[in-house]
Amino acid sequence: MATVSMTVNGQAVSGDVEGRTLLVQFLRENLNLTGTHVGCDTSQCGACVVHVNGDSMKSCTMLALEAEGADVTTIEGLAKGGELHPMQQAFKDNHGLQCGFCTPGMVMSAIDLVAKNPNPDEATIREQLEGNICRCTGYHNIVKAVQQAAQGG
Amino acid sequence: MVENGIGASLKRKEDNRFLTGKGNYTDDINRRGQTHVYIVRSPHAHATINSVNTAAAAAAPGVVAVYGGQDLIDDAVGGLVCGASVTGKGGEVNKAPPRNVLTIDKARFVGDPIIAVIAETLAQAKDAAELVEIDYTELPSTVSTANSDADGAPQLHEECPNNVALDWELGDKAAVDAAFAAAHKTAKVELINNRMVTNAMEPRAAVGEYNSGTGDLTLYVTSQNPHVHRLVMSAFMNIMPEHKFRVVAPDVGGGFGSKIFTYNEEAICAWAAKKLDRPVKWTSDRSEGFMSDAHGRDHVSTAEMAMDADGKFLGMRVDSKSNMGAYLQLFSVSIPTLFHGFLLAGQYTTPAIYLEMRCVMTNTAPVDAARGAGRPEATYLLERLVDVSAREMGLDPAEIRRRNFIKADQMPYQTPVVQCYDSGDYDASLDKALGMADYDGFSARQAEAKGRGKLRGIGLSSYIEACGVAPSAAVGSLGVGVGLWESAQVRFNPTGGVTVFTGTHSHGQGHETAFAQLVTERLGVPVENVEVVHGDTDKGQFGMGTYGSRSLPVGGVAIANACDKIIAKGKKIAAHTLEASEDDIEFGDGNFTVAGTDKVMNIAEVAFTAYVPHNYPEGVEPGLDEIAFFDPLNFSFPAGAHVCEVEIDPDTGTLEIVNYTAIDDFGVLVNPMIVEGQVHGGLAHGIGQALLEGCVYDEDSGQLISGSFMDYCMPRADNLPSFNVDYSPTIPLHNPLGVKGCGEAGAIAAPPAVINAIVNALDIKHLDMPATPEKLWRAAQAAG
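Chain order of the listed sequences is A and B. Take 1 as the starting number for the first sequence in the numbering used here and just add one per residue. Take 1 as the starting number for the second sequence in the numbering used here and just add one per residue.
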C-alpha cells in the first residue's frame, strides 16, 4: 500500500492504494465517486473518461499512483450550484443519453473535444468520439448535443 | 389539451441524475461488511472435470469461502431453468438438459462457471482464484450451427441425441410443395444470421444481502424483470420464498435482452449472502460478459420462394438451424421457433409457408433473446429472399413488394403462420420512405458515384414485428411458461402528488418520463407531480418486466386502466362533495365537474378528501390508490419501410452509409423524442450486425475468438451516419392506447436494408453478414 494525493473536483484528497490500483478504482472505491463507470477491461469503451490536468483520460489506463499531484475532474464536478454544465444541458436537450451508463465518459470526452475543436463539423465529432462506445443512442443525438454545446447552446 | 401529455417531446425526468453522475447502478452499490466473489471458469470448450483442489485458494489471504456446484446442491439449491416447452415434430417437446449453478463433472463451453471464490476484496478473490487447481480431460468440441447435429459430432448432453434440442416445423408442407410445383419461377438464398453479443454498456452485476434477524434476503441485480428474477430464484431454484426475498433492479445500463435471464453468478450472490450472513458482490468483467452473457441470433438457413408469372408469391419454404449454445436459457427454443416462424409472412400475402427449424446444442455460450429476438432473423431471411426473388423476376425490389403487400383494406389479416395482423398500411410506408430517400433519383446518383470510382447501391426493407408481448393464453398454449400481462398501481398521495408503480423496467427507454406523460394525459395532474417507480419487488406489485417492446403497449395500458379506476372512484367522492348525482359528474383536465354547472372539484382536492374522509360518501373506501392488471388481446404489429443507400470503395472495401431513411408505424407516439431515440439505437444495433459485429468461436478448439471490444467490433460514432426518421402511423385494433412499441424496430429492419444495398451496389446475389471491408473488397474484386 502507498498513499496517493491529488485534487479531485477542486478538493484535496488522499488515500491508500495498491500499486495495481487504477485511477478509476480509486475514484469509485476510495472516493465513492461512482459516476465514473467501468464498461470494459481493454480500455476501449470510454465509460471511465475523466479529465486529468485538463485533458480527457480513460481512468482505467492510468494507475492511481500516476495521478499523484494531478488535478482531476469527474462527471460529479461539472454542474455548479445545481446548474448543469452546457455540455450536460446539451445532452439533455438533444436526448443524447438513454441508459446513462456511457454518458459520464461521453460528456467528459465531448467537453475536451469542444475545448480543442471549438467549431467541429459532424465528421470531426464522430471521429473524436470514436473512443467512447454507446449501445443505446446510435450516436445521432450525441452528435447533435455536441454541436449544440459547441455553438454555445 | 393537457400540457406535457401524450405527444409531447418532453425532456426526460431521469436525465439529471445520469448527467451528473448520480445514477445508481448495481456496481455502485456497496453494503457494509461486503465480500466479493470471483468465478473460476472453464478455459476449455468441452472437458471432463476429473478433480478440483481448492485447498490453496481457501487458505489464501482474505478468502472467506470457496464453493463448488455440490455446495449448492447440498443446500437444495436448484439449477437454472429453461422456461420454454415448445412442441416439435411428432408431438415431441424440446429437451431441457439440466444445468447446475456451478458445473460439477463437465464443462460445456469456454466460460462455464465451476468454482466461486469469495474474499474480503475483489483483488484477493482474483488472486485466490489463480490457486484453484482443476484437472480436466479435454473432449472434442463442436461450435458449428450447421454441423453440430451431424453423425459423429461431439455430444453435449445425454438428453439431446445428435445435439438436437428441438426439431420443429410450422405451416402446410403439402401446400408449399404444390406451390413450388406450379411456380413460374423460384428464388433461393442460403444465408447466415450472424451471432451477436448483446453488450449492454453496463456489465452484469449482483449484490446479495441477508438479514439474519428478519430472515429477509435482498438481491440488487442488473435485471430487466426483477419480479421474474425473484420468481425463478424462488420457485425453481429454492433460494428463498418470494415473500422473504426482495429483488432490486436499480438503474440498469442497457439490457437488450441479455438481462432478462437469471444467471449463475446472481444465484451465487443471493445464496452465499445467506450462507455467509454477509453481503456478496459480483461484477462482470467485459471479458466475462463476452463469455457468459446470453448471445443472440446465430441461424443458418436456406429460403426459397415460388412465384407466378407476375412475381406474386405462391409459397415459401425455409430450412433452418439455430444454435442454442451449451444450455437452454429461459426463452431459448421459443425464440427461433415462435418468435421467428410466426413472422415469416412479413408484409406479404404469401398463401403457403413451411418452416423446418432444428435447434442444436453446441459448445458455446447459451443463445437467447436479444433485441428483436427471432424477428430480426425472420425479417432478414424474408427481405433478402424478396430481393433475390426480384432479381430472378427482373423486377424492381419496390415493385415486387407492392405486388405482394397485404393491402390496408385487408386488415385484420390472418397469415398462414398463426399471427393475425390488426393494422398496417405497407404501401403508405413504402411510398413515404421511397419519397424521402429520393428512390427515383438513385440511378443518377449511382452514375455520379461511378464517375468517382465508387459503387453505389440502394436497398429496401419492409419489415413487420410482433410486439406488445404478449397475450398470456396465446403464449401459454405455445409452451411459454408464464403469463405476459402487465400491472400498474397509481397512488395519489394525500397532498396530490401521484406515485405510479409499474411492473415493467426501464433501462434506457425513458419510462419515468413517458409513463408520467400517460398519467398526466389521463388524470390532468402536472407531469412534475407524477413519479414513476419500477425495479423493486418490495415497492411495486408483481410485474413481468421489459422485453419484446411490451412496456408501453402492455404496461402503459395497465397504467391507463389504473387511472380510469381512480377517475371512477373520484367521481363518487366528487359527487358526494358537490351534492350531485354521480351520473352528472364529468371528468376532464384534472377536474370533476357537475355537468352544466360551474361546480368543480380538482382531482387533488378529491385525493385529499379520500384521505381525510370527514364528509364522505357511504360505502366508499377511504384512500385513492388503484391497481390494474392488463392482459393484451393480441400482439401489436409495428411495421415500416427502411431505405439504405451505400457507397463502396472497390479498392479498399470501405463502405459509407450515405443515406438511411426509416419510416415506421408505431401507432400513437407518447413522447416522439424518446421514440426517435429508440429508432436510432435500434438502427445502430442492426447496422452493427450487418457491417461490423460477429461473435466467432474457433471451429477446432471452441475458443471464443471475439472475446473483447478489441476483437468484437461494436458500432462507434464514426461507423454510423445520422438517420432520417419519420412515421406512417395506423391505429391498432387491439391496443386501447393505440400504441405498438418501438424499441426493437431498427434492429429488425436495418440488416436486410443494408445488405440489400450492398448486393445492389456490387450487383451480386448475396453476401453474408457482417459485410466487413475484407468481404466487400473480395466481392468487389470478384465482381470486377
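Keep in mind that a hint or two might mislead.
Quick list of the computed label-pair ranges, beta carbon to beta carbon [what the hints assert, rightly or not]:
no.	chain 1	residue 1	chain 2	residue 2	range
1	A	119	B	724	18 to 28 Å
2	B	212	A	66	24 to 34 Å
3	B	708	A	66	19 to 29 Å
4	A	15	B	61	36 to 46 Å
Cross-link-like lysine to aspartate or glutamate pairs, in silico, DMTMM-like; alpha carbons within 20 Å at most [unchecked claim]:
no.	chain 1	residue 1	chain 2	residue 2
5	B	22	B	583
6	B	11	A	112
7	A	92	B	647
8	A	144	A	93
Treat the hints as calculated values from the structure; they're not laboratory data. Small disclaimer: the values here were computed from a predicted structure and weren't measured. Cβ coordinates follow ideal geometry from the N, Cα and C atoms, glycine included.
Does the structure break any of the earlier hints, and which numbers would those be? 2, 4, 5, 6, 7
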